[in-house]
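*Asks:* Here the protein sequences come in this chain order: C and P. With the first sequence counted from 1, adding 234 to any position gets you this note's numbering. With the second sequence counted from 1, adding 234 to any position gets you this note's numbering.
None of these hints come from the bench; they were simulated from the model. Treat the hints with caution; some may be incorrect.
Identical copies go unnamed one by one, so any copy, or any two together, can satisfy a pair.
[To be verified] Below are the EDC-like pairs computed for lysine to aspartate or glutamate, each with C-alpha atoms no more than 20 Å apart in a straight line:
#, residue 1, residue 2
1, 259, 490
2, 506, 439
3, 478, 494
4, 478, 490
5, 259, 401
6, 478, 401
7, 395, 411
8, 478, 505
9, 506, 438
10, 478, 503
11, 259, 368
12, 506, 479
13, 478, 341
14, 324, 275
15, 478, 409
16, 324, 295
Just so you know, these numbers come straight off a predicted model, no measurement behind them.
Below are the chains, spelled out letter by letter.
There are 2 protein chains.
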Amino acid sequence: MTKIYDKVALIGLGLIASSMFWAMKRGGLAGTVSGYARSQETRDTARKIGLCDHVCDSAIEAVKDADLVVLCVPVGAMEAVAQDISAHLKPGATISDVGSVKRSVIDTVGPFVPQGVHFIPAHPLAGTEHSGPEAGFASLFDNRWSLLVPVEGTEPQALAKLRAFWEGMGANVDEMDADHHDLVLAVTSHAPHLIAYTMVGVADDLRRVTDSEVIKYSAAGFRDFTRIAASDPTMWRDVFLTNKDATLEILGRFTEELFDLQRAIRTGDGDKLHAYFTRTRAIRRGIIQAGQDTDAPDFGRTKVSRE
Amino acid sequence: MTKIYDKVALIGLGLIASSMFWAMKRGGLAGTVSGYARSQETRDTARKIGLCDHVCDSAIEAVKDADLVVLCVPVGAMEAVAQDISAHLKPGATISDVGSVKRSVIDTVGPFVPQGVHFIPAHPLAGTEHSGPEAGFASLFDNRWSLLVPVEGTEPQALAKLRAFWEGMGANVDEMDADHHDLVLAVTSHAPHLIAYTMVGVADDLRRVTDSEVIKYSAAGFRDFTRIAASDPTMWRDVFLTNKDATLEILGRFTEELFDLQRAIRTGDGDKLHAYFTRTRAIRRGIIQAGQDTDAPDFGRTKVSRE
Chain C
235 MTKIYDKVAL IGLGLIASSM FWAMKRGGLA GTVSGYARSQ ETRDTARKIG
285 LCDHVCDSAI EAVKDADLVV LCVPVGAMEA VAQDISAHLK PGATISDVGS
335 VKRSVIDTVG PFVPQGVHFI PAHPLAGTEH SGPEAGFASL FDNRWSLLVP
385 VEGTEPQALA KLRAFWEGMG ANVDEMDADH HDLVLAVTSH APHLIAYTMV
435 GVADDLRRVT DSEVIKYSAA GFRDFTRIAA SDPTMWRDVF LTNKDATLEI
485 LGRFTEELFD LQRAIRTGDG DKLHAYFTRT RAIRRGIIQA GQDTDAPDFG
535 RTKVSRE
Chain P
235 MTKIYDKVAL IGLGLIASSM FWAMKRGGLA GTVSGYARSQ ETRDTARKIG
285 LCDHVCDSAI EAVKDADLVV LCVPVGAMEA VAQDISAHLK PGATISDVGS
335 VKRSVIDTVG PFVPQGVHFI PAHPLAGTEH SGPEAGFASL FDNRWSLLVP
385 VEGTEPQALA KLRAFWEGMG ANVDEMDADH HDLVLAVTSH APHLIAYTMV
435 GVADDLRRVT DSEVIKYSAA GFRDFTRIAA SDPTMWRDVF LTNKDATLEI
485 LGRFTEELFD LQRAIRTGDG DKLHAYFTRT RAIRRGIIQA GQDTDAPDFG
535 RTKVSRE
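Only chain C is shown next, with the shape it has when bound in the complex (with noise of 0.2 Å):
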């Protein structure tokens, strides 16, 4: 139990605001916790099950006097806030945030940061398909990865401070520059999760097979897909407007090999496609070793035994 920060306060309270909560109280790592979002229905919800300290009907009040102060609102909706809190924060602070973008974080919100409070842009590799205060949990960051993009001219303390407490919630911490962050993100979660999407709604969307039969046949792979394409869509749709070039060159890339592969098809170039689909197992084992997911069947969803 290692107290890093006097006050923090978060500003937005949905997956990972409460799980930030949660992980701090079991790591110690602040000594009041102050939470705000916009929606009184969230408040509600946040106060009925103890989520922060004191839940605030403002951001204004929820900043005033923290050490740290965390964005958790979608992408889209961080300059507005920036905005409002700019003048009350306290002096020596630092601000971040857990947007999935970093590039439009550091456009957007620096602008708005004063003099004298350290701005350390910051993004878990963490969430599950749920949203909302209720759906945040504890360990949500036990070794995930969270990436630390500090701008020109960042302090050292403050950035050691912002790291020290990432690990404390139970992530590991990298630091990368905000472009290379945004073009690994769109590699490893937007264009992924565009996919996902895309292929979701063609499916839903088809004449000849009807809602029912893909339902019912989803566990032959198609289920994948769905949980991603769950995810909560105003962060999503925030994601793609502000990382717009990065996704957009992945997703050319993308469709240029599935052109690639499709003619394989056509043309019965059966070794072209099993040497594909040989090295892309290598992959999947890499990030078992890394312990980057279970190696249990289907995700562990099912009950293996021989008998």
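Chain C is already provided as a structure; the job is to place chain P on it using the hints.
*Replies:* Same frame as chain C, now just chain P:
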């Protein structure tokens, strides 16, 4: 415990055949089960782990006196096996299979089914990303669907027996005609697999993002694709080569839709993206309500507790 067939022969001893053996044993569905696999190594493994009552050194020996013969080899290998065993099938026996494509199996195996033998193609929609004789387990088919694709003139009694057999292994059973089966599976299985293989291949092939980054940061969504992209390469090569038309049709629809969403990203049409992402959530809910997937966050990979 209801015995349905006196003797069952499994040709091919991979994930599906081995799961069938353990499920038959669990349900007491067969008097004896013989098995054959082309590779000596697989036969040795089967003997070591007690898979099948008799592991035979030829398919001809395995099917001798069998009341039910199930072809559990990749779709592309079925014709040769059928030719091989054709003259050795017992009059009145049923020959079936577990292939993922049905029109092709009917066209290639059908001609080798002698008069007096029932031919009832089948397809259990179950599997994991693991393969081989040691990957099987008794509960693989529990609450999954198995599709029977009877050809014209199938005797009702033989069909009812095969239905009872699959139900005895835990499956729900539907009947479907071959062409509709191949289209439904193109949507729920074949196109999703090709898309997953492609996305994993793209990620593996980028110069500007290293494999090690892809692996470390895969929990942001990408890893969900890697499970099905780790499936057996031979089986999947054969699926695409034998269900070419339906797969290419669905991939065509997918690409059309993907381009439409890419254009929405490029033009900044947030409303369109939001509406699309909201719609796809409903399919996920349907799948969970139908008992075809878990509602636990992250497929239940993560242990969830607030403290």
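*Asks:* Taking the earlier hints as the rules, which of them does this structure contradict?
*Replies:* 1, 6, 14, 15
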